[in-house]
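S.K.: Numbered by this note's numbering, the letters in the sequence shown go through residues 821 to 979 in order.
Be a bit skeptical, because a hint or two may be false.
Unchecked claim - Calculated cross-link-like contacts (lysine-lysine; reagent style DSSO-like; alpha-carbon spacing at most 30 Å):
1) Lys947 x Lys862
2) Lys947 x Lys855
3) Lys908 x Lys855
Hints in this document: simulated from the structure, not taken from any laboratory. Since this is a predicted model, take the numbers as computed values, not measurements.
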Amino acid sequence: MSTPGVFEGLEYLVHEYPSSSIRVGTILQISDAEKALNLGAKFLMSPVMMQGVSWCYYHALYIPGAMTPGEVYPVSALGGMSYIAAVKKPFPHIPLVASQGITLDPLDECIARGASAVVLSDAIFDKNAVARLDFDCITQLASLAVLRSNRHLASSTSS
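Based on the provided sequences and hints, a complete structural model is requested.
M.R.: Listed below in structure tokens is the structure:
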């Protein structure tokens, strides 16, 4: 796991919000997936498809990346939002999830260019706030993310 204290944060969030589906990523080791699930995570993400993690499908939503990170990562080096649109054109039936480094600013563009979902963990879980266990800051960032997402949904359904 790339974020220090992620398991402590997960344990806290699962305890405080038992009806929520808490996501954990970036899963790079089977042991991290097992620990996250044992602590109550309901949603796991990984930038790559890992052998031996398919059992996660029975316990949680597991969204792996492409077969190799070089196929899609980092999107910014491959053209950013234009890359998402370029991939969606021949493959409209394949859902793409924009993740890794996504902030609130390009949220609307990610969806407009074809992303089926946007992972906002970098926008919400500020590394300094996580290190300080500053859940008030994280809550404020999460609220802002929900507000921006709801605005996008409202504008896209009214058009």
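S.K.: Among the hints numbered above, which are violated by the structure, and what are their numbers in rising order?
M.R.: 3
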